[in-house]
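Colleague: Sequence:
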Amino acid sequence: MKMMSINKASLAVGLFASMISISDMYADLPEVKAAFADAEVLSKGNLLTVSTGRVSREWRWTEKGLVTSSLRDLNSGDEWVEGPVTENADWKFPGLTEGQARLISLTATPSDDEGFTSDHLEVLAEMEYPSTGVKLKYAIWVYPKAPGIRTQVWLKGGKNIARSKQETKSDGVKFKVISGVSHVAPESAQEHKIAKLYQLSTLYAPKNIELKMEGMRHDRDYKVMVSWWDAGSGSRRIQSIQALSMDGESKVQVVKPVALPSWRDKKMPEIVSFDIPDSVRVGDAVNIKVIKEGGVNVCVSEVWVYESEGGKAAGALNLNGDPKRISELNSMAPDGYRLSSYMNCGGKAKKVNAKQNEASERRVDFLPVKQDRLTAFGYYNDTQHRHTEDHHMSRQEPMTGDSVDWASVLFAENNKGGIAWVKESHKCVNRSGVDTGAFKKDKAGLHNTGSGLSAEYLHPEEYRWCWATWTVLYSEASSDQRELAMKEFDRARFPVDPKRDVWVKANTWGSGNGGGDSMSRAAESEVLKEIDSVTDLGIDVLQIDDGWQKGRSNEADKKKNEWSTRDDWYPKGWSVVRDAAASKGLRLGLWTAARAELDDLKRNFDEGGFETWKYDFAHISNYDHLYSHWNKLRSFLLYTEHKARMAVDVTENAPRFGYFWARDFGCVWLSNRKPNTPANTIPQPTLMLRENRELAEYVNLNKFELPIQNFARVNRQKSDAHLYGHGYEVALGLMGIPTFFQSTYYYKGSDRDEVRDLLSIYKPVQHELYQSYVFAMGDEPNGAAWSGFQWVKPGSKTGYLLVFRERKNTEAARHVSIRFCEAGDKLKVTDLRTEKLSESVVSSDKKVALEIQSAADFVFLKYELLSHKDLTGAQKKN
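Numbering-wise, the sequence shown is residues -26 to -1, 1 to 852 according to mature numbering (1 follows the signal peptide of the UniProt record, and there is no 0).
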């Protein structure tokens, strides 16, 4: 396995401190001098300086740590640190990094992080804080020619620290209220004469009460109990209950419509019960929906869960409420079960706060810079439920206060240009995640708080990482240069490998009408049929989604061997589909839930040869989760010698992987778009176009799998997708990783020809597109716009345009805004679909004339700049 492309023999290194151990406190750093390509590292006196060739950053050793003393844009020569620096270290971990620091070693070595990132120089400063026993490793990644630098703190030890109380870990399930309002009947109510208080404490809603039940273990069974009562004097209540998978794909009516017992009839509250069906158990959580079938509203009094016993409890159970009532329910537990969770619906119910705002005081980076114009930016997760006109992919607004806790990026701009400061974390605007902190400002400068790692998760012998930071500079405070700098550094951090990252993909799930139907597409017979279809269309990879595993069958050993192939669908294991794919030169991919163990991943890789993986239903709520998922995925990909790639996803609001973390494992599955159900996944072409444009602003789209759905099969009452052609639907995925989220054998006749023809045009230029950066161009999609994308490769005079004319637009010709071109630039344009050649001149307002004769159509163009200014502003002529 090729893990390191740097020739160490050619490295100009004077590593004076390769593993130098220094026993005393001192003012000066050991001498380190290293260079690789344009990247350089130098320590002299108490200063450590690194340079990418475009950006330099300097730290001063203060005996408390390293603090930034200079940040310079080498293209413009501008210095960002102007005044005195008052902090003693860029990091701050109260209770951990106290007192003076003892430097242990300072090194600079070539690295590619075992193949997970681009070649760079890695600077490691290791130190100890004797008063606490904590050791800190400060990692600086210096990428040659990059517009920025990555920094990260690692911690271990801490024998002398005053540890905070360990997080109380729950061994049982717990409930969160998604919809419903708590209510307690007033003491004057007549019902108090015959019922207990816990029976009169209710959740109610006009139509539905929805609860999220999380923390389930796959090797245990769960019985849910609900008590309810028709109190009050309104029209009589009739209610039912559904259990739903978290993705909304599968739902089961677990309690049929039933009239509630009424106090007016002198009846007491009743209890209904149901088992959680296997078909809705995908991750560690399910939704439970109590539905109004008749009456004034819907209400429940109590909810509790019995869990099949799996040995001694690993932690506290969620049993808050009346001790006598809990004791009573414990005594009622069925044989082999224990009471796992109890919720008094009117007493302890708290509506879930999805944002979980937490501005940690643990600081992972600091910049002593002035704050002229600060702008915060972040992406939303939960793409599956935000596919509406009112919901956008991103949020960007000026930072008006002293802190902002929802953003992943902070832009600081002035007349010198700008700084993009990025949290490499799983933070999303609508889900903060595990201690992702905030951006803060004060007189000293800018502070990036939130470490992920806290004292209770320190390991005595193993370094554990905190959230990393990117510090990216750009010489001009314009959207073009800001976006380009972000994408250039993004590409250095998360590189694209042509051999393992460039493909057109299909996934078996997306055509099913509900969970059971979608799972059936993973049967061997279906997969064999789809292998023939995708190879005929020119698709490179077929990924088998949920349903293939024994855990989805009725076989006796389904829990013990959950992640083995089910015998009824795959009697010979993976061999039949593996051989069929190999005979056609097709690569295979596989879906797994995040609970699959490392050995399960390894075994299926060995037996099936799967190269592209989807890692679904992660729920990352503490540092143990962060570290275990990170370690498992990293170990698996190293096991495959980087022949496999893993897609994480942002489809749900659960804390998963976000947009700026874990893309070194592969890519991100952006969204599910299905023809009919769940209703929230039905594709709207205008919204798909808008989502892709908004996503493209600050990340590289070729690290995102973009869904392609068969528009002819989409619900015609809920979408206008059927009014767009198959070429249009495919083109909506071409600016990222094109992913046919469907059974492609539904394409017939001329429909297949249309898909095949466009892919035959796209694939010969796909590698060139992947070497470029994608930018949004044209207008904001609104159903009647000209809107699209532009591929730009710095230093090249060629690029590509993909421009859409939406269905309600009435113009056959339009001047469309174009990026990185100047007024008067001449373009030679080739229409890749028709092979027609033309020339165009960029207008004074930086627009180019285009023609699309029909609405709901698009053009795919290659252009050559016959005369232009390059991305640095220098005039060039051909």
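A hint or two may mislead.
Claimed, not checked - Label-pair distances were calculated between CB atoms; the ranges are: (1) Ser818 to Gln345: 49 to 59 Å; (2) Lys473 to Lys722: 30 to 40 Å; (3) Glu754 to Gly488: 31 to 41 Å; (4) Ala797 to Gly769: 16 to 26 Å; (5) Gly769 to Asn535: 45 to 55 Å; (6) Asp531 to Lys133: 40 to 50 Å; (7) Gly769 to Gly559: 31 to 41 Å; (8) Pro104 to Asn20: 17 to 27 Å; (9) Lys810 to Leu48: 36 to 46 Å.
Derived from the structure by calculation, the hints contain no laboratory data. Quantities reported herein were computed from a predicted structural model and do not represent experimental measurements. Cβ atoms here follow ideal geometry from the backbone N, Cα and C, with glycine treated the same way.
Colleague: Given a hinted range of 31 to 41 Å, is it respected by the beta-carbon distance of Gly769 and Gly559?
Modeller: holds (34 Å)
Colleague: Range hint 17 to 27 Å: satisfied by the CB atoms of Pro104 and Asn20?
Modeller: 20 Å Cβ-Cβ, so the 17 to 27 Å window holds.
Colleague: Confirm or reject the claim that Ala797 and Gly769 have a C-beta distance inside 16 to 26 Å.
Modeller: holds (22 Å)
Colleague: Kindly confirm whether 40 to 50 Å is satisfied by the beta carbon distance between Asp531 and Lys133.
Modeller: holds (45 Å)
Colleague: Against the range 36 to 46 Å, how does the distance between the Cβ atoms of Lys810 and Leu48 compare: consistent or not?
Modeller: Between Lys810 and Leu48, where Cβ atoms are some 44 Å apart, the hint holds.
Colleague: Assuming the hint says 45 to 55 Å, is it satisfied by the Cβ distance from Gly769 to Asn535 or not?
Modeller: Given about 53 Å between the Cβ atoms, the range holds.
Colleague: For the range 31 to 41 Å, tell me whether the beta carbons of Glu754 and Gly488 fit it or not.
Modeller: Because 34 Å falls inside the window, the suggested range holds.
Colleague: So the hint says 30 to 40 Å: do the beta-carbon atoms of Lys473 and Lys722 match that?
Modeller: At roughly 34 Å between Cβ atoms, Lys722 and Lys473 fall inside 30 to 40 Å, so the hint holds.
Colleague: Confirm or reject the claim that Ser818 and Gln345 have a C-beta distance inside 49 to 59 Å.
Modeller: violated (35 Å)
The structure shown violates just one earlier hint, number 1.
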